[in-house]
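> Sequence:
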Amino acid sequence: MKDYDLDKYFFQKKAIGQRFKQFRELLGITIKKMVKEANDPLIQEQRIKLLEKGAFIPDIIFINYFIEVYGLNLPWLVTGIGPMFFEKGPRTPDHIKIETFIE
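Quick note: the sequence shown uses our numbering, first residue 437, plus one each step.
Treat the hints as calculated values from the structure; they're not laboratory data.
The structure displayed is predicted, hence computed values, not measured ones.
A couple of the hints might just be wrong.
In silico lysine to aspartate or glutamate, EDC-like type, Cα no more than 20 Å apart, as pairs [to be verified]: (1) K468 <-> E481; (2) K472 <-> E461; (3) K469 <-> E481; (4) K449 <-> D495; (5) K457 <-> D495; (6) K489 <-> E504; (7) K485 <-> E473; (8) K449 <-> E481; (9) K450 <-> E461.
All chains, full assembly: derive it from the sequences and hints.
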């Protein structure tokens, strides 16, 4: 791998982390609250902090939680292109439970 590719990789990690932090802050949720609401051993405070610093690239299972619960748009997270949410606005955990219950 060329040095340029490594530079691009590290830039992408930082950009993804910045976008995730922007997403979380727009929701108005602290990291602690996000972890508590998830109640999932995969969603850990340290992982979110590392992600937001650009020191951790999450796997799809980690990110899928935020897609399903909050409507996070994966292409936006990865590229910064398109809307942050794949619907008109953020979802809340209660919204998802209601949707699932109605179906």
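> Now, for every hint given, state plainly whether the structure supports it.
Going down the list of hints, with the structure as the test:
1. K468 <-> E481: This hinted pair holds, its Cα atoms lying about 6 Å apart.
2. K472 <-> E461: holds (16 Å)
3. K469 <-> E481: holds (9 Å)
4. K449 <-> D495: At roughly 12 Å apart (the allowed maximum being 20 Å), D495 and K449 satisfy the hint.
5. K457 <-> D495: The hint holds at about 17 Å.
6. K489 <-> E504: violated (23 Å)
7. K485 <-> E473: Distance ~16 Å between K485 and E473 Cα, so the pair holds.
8. K449 <-> E481: Within the cut-off at roughly 18 Å; holds.
9. K450 <-> E461: holds (16 Å)
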